[in-house]
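*Asks:* Protein chains in written order, with UniProt numbering: chain C, 1 to 226; chain G, 1 to 245.
Rather than coming from a laboratory, the hints here were simulated on the basis of the structure. On a predicted model such as this, the values are computed, not experimentally measured, just so you know. Glycine is no exception: its CB is placed at the ideal position from the N, C-alpha and C atoms. One thing to keep in mind: the hints can contain errors.
What the hints assert, rightly or not - In silico DMTMM-like cross-links for lysine to aspartate or glutamate, where the CA-CA straight-line distance does not exceed 20 Å:
| # | chain 1 | residue 1 | chain 2 | residue 2 |
| --- | --- | --- | --- | --- |
| 1 | G | K19 | G | E198 |
| 2 | C | K185 | C | D5 |
| 3 | C | K216 | G | E89 |
| 4 | C | K216 | G | D65 |
| 5 | G | K100 | G | E89 |
| 6 | G | K199 | G | E13 |
| 7 | G | K194 | G | E13 |
| 8 | G | K194 | G | D22 |
| 9 | C | K216 | G | E198 |
Claimed, not checked - Now the in silico label distances, taken between C-beta atoms and shown as ranges:
| # | chain 1 | residue 1 | chain 2 | residue 2 | range |
| --- | --- | --- | --- | --- | --- |
| 10 | G | W148 | C | I62 | 42 to 50 Å |
| 11 | C | Q188 | G | S26 | 26 to 34 Å |
| 12 | G | R58 | C | L191 | 49 to 57 Å |
| 13 | G | A226 | C | S7 | 50 to 58 Å |
| 14 | G | S26 | C | T210 | 41 to 49 Å |
| 15 | G | T66 | C | A95 | 50 to 58 Å |
| 16 | G | W5 | C | I206 | 44 to 52 Å |
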Amino acid sequence: MSDFDFSVITANWAFLAQGLRYTLQVTITAMIGGILIGTVLALMRLSSITPLQWFAAGYVNIFRSVPLVQVILAFYLILPLVLQMVTGKQMPIGAANSAYFTFTIFEAAYYSEIMRSGIQSVPRGQVAAGYAMGFTYGQTMRFVVLPQAFRNMLPVLLTQTIILFQDVSLVYAIGATDFFGAADKITQRDLRPVEMYTTVAVVYFIICFTLSRLVKWLQSHIAIIR
Amino acid sequence: MDYHWNWMFFFQETDDGLKYYDWMLSGLGWTTAVSLASLVVALLLGSVLGVMRTTPNRWLVGIGDTYVDVFRNVPLIVQLFMWFFVVPELVPETIGNWMKQDLPYIVTAVVGLGLYTAARIAEQVKAGINSLSRGQRFAGLALGFTEWQTYRYVRLPMAYRIVLPALTSEAMNIFKNSAVTYAVGILELYFQYKQIIEKTSQVLEITIVVTSLYFLLAFVMNRILAIVESRTRVPGLIVGSKGGK
Numbered sequence: 001m002s003d004f005d006f007s008v009i010t011a012n013w014a015f016l017a018q019g020l021r022y023t024l025q026v027t028i029t030a031m032i033g034g035i036l037i038g039t040v041l042a043l044m045r046l047s048s049i050t051p052l053q054w055f056a057a058g059y060v061n062i063f064r065s066v067p068l069v070q071v072i073l074a075f076y077l078i079l080p081l082v083l084q085m086v087t088g089k090q091m092p093i094g095a096a097n098s099a100y101f102t103f104t105i106f107e108a109a110y111y112s113e114i115m116r117s118g119i120q121s122v123p124r125g126q127v128a129a130g131y132a133m134g135f136t137y138g139q140t141m142r143f144v145v146l147p148q149a150f151r152n153m154l155p156v157l158l159t160q161t162i163i164l165f166q167d168v169s170l171v172y173a174i175g176a177t178d179f180f181g182a183a184d185k186i187t188q189r190d191l192r193p194v195e196m197y198t199t200v201a202v203v204y205f206i207i208c209f210t211l212s213r214l215v216k217w218l219q220s221h222i223a224i225i226r
Numbered sequence: 001m002d003y004h005w006n007w008m009f010f011f012q013e014t015d016d017g018l019k020y021y022d023w024m025l026s027g028l029g030w031t032t033a034v035s036l037a038s039l040v041v042a043l044l045l046g047s048v049l050g051v052m053r054t055t056p057n058r059w060l061v062g063i064g065d066t067y068v069d070v071f072r073n074v075p076l077i078v079q080l081f082m083w084f085f086v087v088p089e090l091v092p093e094t095i096g097n098w099m100k101q102d103l104p105y106i107v108t109a110v111v112g113l114g115l116y117t118a119a120r121i122a123e124q125v126k127a128g129i130n131s132l133s134r135g136q137r138f139a140g141l142a143l144g145f146t147e148w149q150t151y152r153y154v155r156l157p158m159a160y161r162i163v164l165p166a167l168t169s170e171a172m173n174i175f176k177n178s179a180v181t182y183a184v185g186i187l188e189l190y191f192q193y194k195q196i197i198e199k200t201s202q203v204l205e206i207t208i209v210v211t212s213l214y215f216l217l218a219f220v221m222n223r224i225l226a227i228v229e230s231r232t233r234v235p236g237l238i239v240g241s242k243g244g245k
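I would like the entire structure built from these sequences, with the hints used as guidance.
*Replies:* Take a look at the structure:
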């Protein structure tokens, strides 16, 4: 402990910051994409059309029962095969890019469960009121149900995003340079595991702890007063 | 697509004389072992922490809350690397050397995964205890029970039943999370998956099989706990619903 060398951290800070930026980019992309796809999946699951229900249920159950590391590796290897089949030429997309896709698809399964319970938390009368106003299904969802569902579930959606932010560290499996990957690569070179891994742990803790406190605060301030 | 499907490779021999399906079975075994052992650690520690957080003692609450905050806000893979590469450097040298040389990997991995999951279990146990009405504790105390006895005989038996569905999903998560231990050298299912892909390039077949195996593990865990749930149900009391989510 006595020889904890802060200069290892300062010397490599730029590289670590770059990794952290990539982690944030993946998190934000997957959050936006995941919530959009997740909402569509939730609507499918709650629709009255059986094949759509099956598709959404299958999608969610498969992704929720498989380890994320496995999905990351599988997509990284399978995506180029699929792209080649579609376009007919070799398309190496690289580890860093495949992670954006993987996380969006994977997180959609989790966001969809959250949106589903959000939609179900909206009283049935609201839907009936929408139809009574002459709204179509799309309009009822768009103007009546989804805004309330989204608001009710905002804290849960954000908590899931904090988990997603932590899970990006698993791109270690395909060697992409996220925040943790950056620290790991510096460790391989400089052999300073204590400084590097501790830095990662502390920074992750500060960010996630602050965000989760924020979510808690939000939770008590945005509840719809009924 | 010029992908060559070949399901028979599972029966081919590997470099070490075993067949590929042997590798998978051994991976499956390690995944199960790591997961179940971690689950035991997590349940024990998580229960203690969960109970601590509901006691009137401010210090115990503080320790429990801090633990949960720390272990929930650092990614699992970072925690595992801390246990493997950082902690041995921070403890006294003799212990550090023992951790590095003599302590089996599996023990460190189980402890790491267990401590990580304990934070989540503590959260559930606390929620379960807090969901009971205060009268339960008062009734216990009025009967002359000590504070500990009200936990042992009144509050915990109810709290566990209430949070069993949530514990079920944690138990299913631990199988998925155990895949991360490959990064610290545990030869579990995901490690074998990665290794077989490197050797054979039969990505699709092996992905289908490994996905099904993880699916199966989660399903079996879910069923077992659903049985536990129906066996322990208090007649006339509606708690929870079906196992899992």
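*Asks:* None of the hints should be skipped; say for each whether it holds.
*Replies:* Checked hints:
no. : hint                       : in the structure
1   : G:K19 - G:E198             : holds, 15 Å
2   : C:K185 - C:D5              : holds, 17 Å
3   : C:K216 - G:E89             : violated, 36 Å
4   : C:K216 - G:D65             : holds, 14 Å
5   : G:K100 - G:E89             : holds, 9 Å
6   : G:K199 - G:E13             : holds, 11 Å
7   : G:K194 - G:E13             : holds, 17 Å
8   : G:K194 - G:D22             : holds, 15 Å
9   : C:K216 - G:E198            : violated, 45 Å
10  : G:W148 - C:I62: 42 to 50 Å : holds, 45 Å
11  : C:Q188 - G:S26: 26 to 34 Å : holds, 28 Å
12  : G:R58 - C:L191: 49 to 57 Å : violated, 43 Å
13  : G:A226 - C:S7: 50 to 58 Å  : holds, 55 Å
14  : G:S26 - C:T210: 41 to 49 Å : holds, 43 Å
15  : G:T66 - C:A95: 50 to 58 Å  : violated, 36 Å
16  : G:W5 - C:I206: 44 to 52 Å  : holds, 49 Å
Checked against the numbered hints listed earlier, the structure breaks hints 3, 9, 12, 15; every other hint is satisfied.
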